[in-house]
Amino acid sequence: MFHLIDLIGTMAFAISGVLTAFHKRLDPFGVFIIAFVTAVGGGTLRDMLIGRTPVGWMRDVNYVYVIGLGYIIALLFRRKLDRLRTSLFLFDTIGLGVFTLIGLEKGIEVHLHPVICIALGTMTACFGGVIRDILCNEIPVIFRREIYATICIFGGVVFFALKYFQINNDLLYLITSLVIITIRLLAVKYKWYLPTLGKEVIS
Amino acid sequence: MFHLIDLIGTMAFAISGVLTAFHKRLDPFGVFIIAFVTAVGGGTLRDMLIGRTPVGWMRDVNYVYVIGLGYIIALLFRRKLDRLRTSLFLFDTIGLGVFTLIGLEKGIEVHLHPVICIALGTMTACFGGVIRDILCNEIPVIFRREIYATICIFGGVVFFALKYFQINNDLLYLITSLVIITIRLLAVKYKWYLPTLGKEVIS
Amino acid sequence: MFHLIDLIGTMAFAISGVLTAFHKRLDPFGVFIIAFVTAVGGGTLRDMLIGRTPVGWMRDVNYVYVIGLGYIIALLFRRKLDRLRTSLFLFDTIGLGVFTLIGLEKGIEVHLHPVICIALGTMTACFGGVIRDILCNEIPVIFRREIYATICIFGGVVFFALKYFQINNDLLYLITSLVIITIRLLAVKYKWYLPTLGKEVIS
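Respectively, the protein sequence lines represent chains F, Y and X. Each residue of the first sequence is one higher than the one before, counting from 3 in the working numbering. Each residue of the second sequence is one higher than the one before, counting from 3 in the working numbering. Each residue of the third sequence is one higher than the one before, counting from 3 in the working numbering.
Think of the hints as simulated: they come from the structure by calculation, not from any bench. None of the hints are false.
One copy or any two copies: either way a pair holds, since identical chains are not told apart in the list.
Distance condition first, Cα-Cα at most 30 Å in a straight line; then the derived DSS-like pairs of lysine-lysine:
no., residue 1, residue 2
1, 191, 26
2, 193, 82
3, 82, 26
4, 26, 193
Chain F with its partners taken away, still in its complex shape:
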């Protein structure tokens, strides 16, 4: 079931990638690459950094298919997706929780320090968007005001705090992802943003 959620999250990320890329005057290939990178870029960077090669999507071609499916759906039903915005956002948020967990787990698998594992979880969940923004020639949005990454870091801290008390693994996963998902929903609802540093320069 975990793998299924992973694939659904991947597709949600790919769809959001297409929607982001659509107004950048790219061609179909460019939009596909942006969708691809948004979906698996974070995990790919993680795998390269810890030496888990060939990287994830190369070992399981289902990721490519799921991204291709998301790409086609997003291009065909682009206008209708507006009405599905809420479901999409929900999948995207679930993806955030699941991807963070996957990153944390990979770090633990290779016996890395908890601080590094939290970095890997955050990277898995958020750095696809960073690479997407770089390819689109923009300063990554999560470096400016999006609270995304901070939530993943917090989720990682909760994860290790719970793990310290030797909580059952299923419960550990469930609570951590629920914490991330809930805070993300609250953050969007109540418009929580990180402050911008160095503002005084402008005025």
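Following the hints, complete the assembly by docking chains Y and X onto the known chain F.
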């Protein structure tokens, strides 16, 4: 002979890198890095993704020499290269075919799925240009209208279709690279481009 | 002691990262990532290219702590750092020398060609700044006029020249880093820059 074509293709890519970088107000070091990245960036990314490290150009210093040679030639004979534009374009196109083949082969060597091998072939041939454009602070040209990548993907499909019929290896390589080279030449001659998505937004 | 200088250099790079990022209208997370990438980006790229994974900072969490410390110091004492500009610049310059040496050593460890080792040394010392500039959506400053990278290359050549004469290792390290540090200081004092190519286009 394959290795020789590889080195010639690398030099052609390096020269085209210098010519692209020349008007970006870079210093000699910057132009060299752009040439280097244009020439071996795609293969380097491929090697990192599949875990073939140290990456290619680190194991065979001839790549560095060939790029250095291309760099010097391009800087010295920059104006005269205009007259050699056709030969340069030809080498560049041969490079496209050969690099795609090399990427396909590396993927097969580590037993990856054909879809992934095609991705690796395309990456080897085209992503040096992507990294070059990112370093030059531009949205990669192959994401906008260049048909480059699509031709490599098509070449990869032809490759596996032929392989399925257990064609002799030499013939397989020859036909695949000829297909890529021919379509590329036709694409330039008849100005085939991919359409830009999301255009309606502008008007 | 070498490790200590490495950590001090890392912190100096992190502080300079914060100061660079501060006026880009980033949030605290974004500034931290820029500091992080400035400090360890070069070594991380080197490790990925030679397959030394998990990469350096993942194996020794002290790097993360030192960067965190530099980040906090830089944010708290930003205005006062102006008065410490000279010390900071000195640490930064020492970092340049030490990082180059570390890169050279890693290359030798995996038996790479001297030319490749010099590339690795330069990358270790200078490419954190390249990644920082890409994330900030700018053409890397060392590609435009900064003489940074050229000094590291020269230092690498001196290193192998001395090594050829089988000089004692401690002396080899000391001379190489002193050469890099001295030239860097002279370059700043006398405003040595690399010329920009392709200038005639503008006028």
